[in-house]
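Colleague: Construct the complete structure from the given sequences, taking the supplied hints into account.
Line by line, the protein sequences are chains A and B. The letter at position 243 of the first sequence is residue 231 when you use this note's numbering, and the numbering goes up by one with no holes. The letter at position 352 of the second sequence is residue 414 when you use this note's numbering, and the numbering goes up by one with no holes.
What the hints contain is simulated information worked out from the structure, not anything from laboratory work. None of the values given here were measured: they were computed from a predicted structure. In this text, a Cβ means the ideal position worked out from N, Cα and C, and glycines have one as well.
Listed next, the in silico BS3-like pairs over lysine-lysine satisfying Cα-Cα at most 27 Å (straight line): (1) K118(A) / K291(B); (2) K219(B) / K172(B); (3) K124(B) / K172(B); (4) K188(A) / K209(A); (5) K291(B) / K90(A); (6) K291(B) / K121(A); (7) K277(B) / K291(B); (8) K121(A) / K104(A); (9) K277(B) / K90(A); (10) K90(A) / K169(A); (11) K219(B) / K124(B); (12) K245(A) / K226(A).
Computed from the model, here is a short list of chain A residues facing chain B with C-beta under 7 Å: (13) T38; (14) L40; (15) V41; (16) P42; (17) N60; (18) R63; (19) Q64; (20) V68; (21) P70; (22) A72; (23) T74; (24) L91; (25) Y92.
Listed below, chain by chain, are the residues.
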Amino acid sequence: MSAVEVEHLTKRFGDFCAVDALSFAVERGEIFGLLGPNGAGKSTLIRMLTTLVPPTSGSARVNGFDIVRAANGVRQSIGVIPQAMTSDLELSAEENLNIFAKLYGIPREPRRRAIKTLLQAVDLEPWADKPVKMFSGGMRRRLEIARGLVHEPNIFFLDEPTTGLDPVSRVAVWDMLSRLKRERDLTILVTTHYMDEADKLCDRVAIVDHGKLAALDSPLKLKASIPGRNILEVSFSKVPAGWENTLRTLPDVAELKAEDHVFRLASHNGPRTTVALMEAARSANVTVTSLSVQSTTLDDVFVHYTGHQLRDALQAPATAESPYLMKRH
Amino acid sequence: MHRIWAIIERDLRRFRRSPTLIVMSMLMPLVQLVVLGYAFGGKVKNLEIGIVDQDHGVPAIKLKEMFQAVAANARTFDTIAYHDQAVALHDLREGRINGVLTIPPHFSRKVLAGANPRVALVEDNTDQFSTSALGGALTELLATYNSPADPPRETAKVTLDMVEIYPYVPYIQYLLPGTITLAIFVSAMIGGGIIFIDDKARGLHEGYLVTPIRKFELILGFNLAGAIKAIIAGFVLVTVGSIIAGIPDPLNVLRLARMMVLVVVTALALISMMFLLMVRVSDPLVPRAIFGVLNTVLFFPSGAVYPTASFPPWMKAITVVDPFTYAVHGFKQLVLKNTGLMSISYDLAFLVGFTLLAMSAATLLFRRTL
Ligand SMILES: Nc1ncnc2c1ncn2[C@@H]1O[C@H](COP(=O)(O)OP(=O)(O)OP(=O)(O)O)[C@@H](O)[C@H]1O
Ligand SMILES: [Mg+2]
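Modeller: Structure below.
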């Protein structure tokens, strides 16, 4: 039995389809990444899986429990970190954990022990009795991670746990998650905008766009699946007519995108294409003003499968993150 | 100049885009105008006067007839006939009637003999507005009685003795019951309204909803938490308020205990009303916007500041369904008349019934999802 099984899961808000007949399975013990731009439907999907929002159609099982018919079984076996930071700012770290442990009905002694271990695990022991409003964003996230694990769930859902954190805190959060996963035998389902994170930490990644599954595989295989193992970004002082065609016919070029004087080439063999490109430039008397060669990243995978840049998508008007989230006009 | 305009422009644009705020900022003063306009200074009507006729002579009957005529026309008061003065006085103390008029034995004989007889009106003086309305009506009535038109048969003049059964009640004491209720309401409004919706908006409830907590546990948790805060506010007002207002023997344990019963029942009623109003709300602006209007609409028609006996029919309709009315009436009985719980059993029953109704409706409307 997979940890999470999703079948044709759909959520409509009026005419708008936020999650469109998604099907996939998350295996036990893996870190499963959901990658997608703002408004892709990641949070909606997680909310359905965590019983917060009823699906319009389709079905899903979490830890074997149907998310509609056995919602309480689901709730008992999952830990959830919502996208918004939801710890109580006025209470201390320990009080926050205590309240949640009580909500899960954990008796006093195990509760005390679990909280102590968790605070240690997320490096917050020295701040146990400080009010959360004094915490930095990274500390708050770590506290929420502890909160989500207080009842020792099998499956852990995190909605953008690192958004808004500085690079150091991001790394800390991910290290923590990898360690907790190993120690506690967790299955983790996590959403993120950060391709590098997904690449390094996820066992498998699903790319979601407009509520649909665009691709699903391990980061390595995803990267291998798109044309070109290297990306060349090159710009020229001025380009003669037909230059684009010249570039396209360079050895090993798989794909070419042009924007004024800047070109982006996907190549199966970066070094060979680079050498050929420099030669072509010299013989055509064209000056190369900049050149970079990168290996394929998940960004490229994303662009390939969704047909647009994640960065563009990120600049789309921010949608309401939660129907409950305070709207600031 | 540009910068000043920038600030003004932003403010006005924002204002235009929040219709709730616009509507409420205009509605609130209008509601105040209408409610306050009719809540104060109306003619007090339909007070209840018990009449004990211990004489049964013709002049006594004539006097009673004049009372009934006032009851039928001016409607300042209605009359209820009592045979036993003790029963009438008991009802007066329990707050069921506003005054007891006793026509003593030998009243007729004295009238016919030309001796000036006296009748006594024992009145509930906890409400100055009712007292003065009643006093005015009776003085007028006796003046008519004493000057029969044609031909003057007897020369006796009847005089009225007004007897107040409670010590003088200054207005501050008259206001205290409403203030206690208001304190409970404000606490319910902040705890069950503003903080509740803010927590919801901050996603705190989302945290609750992913745990295995059941719907009824959530609802009870929210409401009892709000009720406890409201009860504390009520308790402070009951004790400190009594001292400040100069209620005689303010810390009388027995009375405090009875007041606490009413505080608890009132807190439950108001918090469940709040919960019902907020159960489907998610915009933090809503509880803030309705606060003022709700306050006006519940407080003034309740009889907290002026007797309900003077209200026009539409406001009386609010009075009847307004939980404030019963809380205020109950506290008046306990604070100003020091009665027992029996005399407020109807108030308690209404508030308990209101709580059950509001809670059931809210439970039906409550969604255990976002
Ligand atoms: N309650 C709702 N009512 C109407 N539309 C909604 C509701 N919740 C979400 N949506 C819409 O569904 C789409 C998907 O939203 P969702 O929050 O799932 O996206 P997301 O992938 O989590 O985005 P982000 O990266 O911004 O968190 C959005 O276009 C959003 O506007
Ligand atoms: Mg989201």
